[in-house]
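Using the sequences plus the hints, can you model the full thing?
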Amino acid sequence: MINDEYFLAALRLAAGMDPMPGHVSAAARDIYGLRVPQAVTANPADHGGGRAARSGAPDRDDGSHLVRFVTDGLTFDLEVTVGDGLIDVAGQIFPDPGEGAVIDVRTPHLTLTRQVTQNGRFAATGLPPGWLSVVYHRPGHAPVQTRWVRIRP
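According to the numbering used here, the sequence shown is numbered sequentially starting from 1.
Read the hints as simulated data drawn from the structure, not as lab findings. C-beta atoms are modelled at their ideal positions from N, C-alpha and C, and glycine is treated no differently. Among the clues, some could well be false.
Beta-carbon label-pair distances, calculated as ranges [what the hints assert, rightly or not]: (1) Asn119 <-> Phe7: 37 to 47 angstroms; (2) Arg12 <-> Asp84: 40 to 50 angstroms; (3) Ala9 <-> Gly130: 25 to 35 angstroms; (4) Leu110 <-> Arg29: 12 to 22 angstroms; (5) Val24 <-> Arg150: 16 to 26 angstroms; (6) Asp96 <-> Ala39: 18 to 28 angstroms; (7) Ile31 <-> Ala9: 32 to 42 angstroms; (8) Gly98 <-> Phe7: 40 to 50 angstroms; (9) Phe94 <-> Val36: 16 to 26 angstroms; (10) Pro128 <-> Arg35: 16 to 26 angstroms; (11) Leu13 <-> Gly85: 41 to 51 angstroms; (12) Ala142 <-> Asn119: 14 to 24 angstroms; (13) Phe94 <-> Ala10: 27 to 37 angstroms; (14) Gly83 <-> Pro139: 30 to 40 angstroms.
Structure representation (structure tokens):
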């Protein structure tokens with residue numbers, strides 16, 4: 001297997017460019033480390049003013065909003081609330097997941113793993129603002145991940 005540093009140096013030489021700053025190379029390696037091999041990616045979709053994951057009500061005026069992701073046969077609804085500088089996520093997956101399903105709610109520096117209830121609900125609180133992704137793991141299936149979204153306070 002090719003050494004990462006050797007590979008990056010070869011790319012720089014081939015492009016005839018100056019060396020890449022060290023912090024850029026480090027950031028690229030960090031981001032590459034966040035990939036989920038063989039995962040299916042759920043893309044953002046319009047939620048059409050649907051119900052929020054927790055309240056059963058449309059988007060509320062308490063700082064929360066609904067983000068929907070879809071892929072073949074699955075829908076993720078994430079209700080994201082920002083308060084006191086931190087992010088809370090309440091989510092629901094359709095159709096209902098069955099037994100053994102877990103969710104990883106991820107930021108670039110933190111992953112919280114939660115069990116998914118029989119009706120497809122989960123929650124994670126106290127996340128730092130910034131980039132967020134959710135990975136859904138079900139026994140016997142490839143993982144499904146949402147695209148990364150940026151949540152600002």
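These are the hints, each one checked on the structure:
1. At about 46 angstroms, the CB distance of Asn119 to Phe7 agrees with the hint of 37 to 47 angstroms.
2. For Arg12 paired with Asp84, a C-beta distance near 44 angstroms keeps the hint of 40 to 50 angstroms intact.
3. Ala9 and Gly130 have their C-beta atoms about 30 angstroms apart, which keeps the hinted 25 to 35 angstroms range intact.
4. Judged by the Cβ atoms, the range 12 to 22 angstroms given for Leu110 and Arg29 holds: they are separated by roughly 18 angstroms.
5. In this structure the supplied range 16 to 26 angstroms holds for Val24 paired with Arg150, their Cβ-Cβ distance being about 19 angstroms.
6. Evaluation of the 18 to 28 angstroms hint for Asp96 and Ala39 yields a pass: the beta carbon distance comes to about 21 angstroms.
7. Distance hint for Ile31 and Ala9: a CB-CB separation of about 19 angstroms, inconsistent with the stated range 32 to 42 angstroms.
8. Remark: the range hint 40 to 50 angstroms for Gly98 to Phe7 is upheld by a beta-carbon distance near 41 angstroms.
9. A hinted range of 16 to 26 angstroms for the beta carbons of Phe94 and Val36 is consistent with their spacing of about 21 angstroms.
10. At roughly 21 angstroms, the beta-carbon separation of Pro128 and Arg35 lies within the given 16 to 26 angstroms, and the hint holds.
11. Distance hint check for Leu13 and Gly85: the Cβ-Cβ separation is about 44 angstroms, which falls inside the suggested range of 41 to 51 angstroms.
12. In this structure the hint that Ala142 and Asn119 lie 14 to 24 angstroms apart at CB holds, the actual value being about 23 angstroms.
13. Against the hinted window of 27 to 37 angstroms, the Cβ-Cβ separation of Phe94 and Ala10 comes to about 46 angstroms, which falls outside the hint.
14. A beta carbon spacing of about 35 angstroms between Gly83 and Pro139 agrees with the range 30 to 40 angstroms that was offered as a hint.
When each numbered hint is compared with the structure, violations occur for hints 7, 13.
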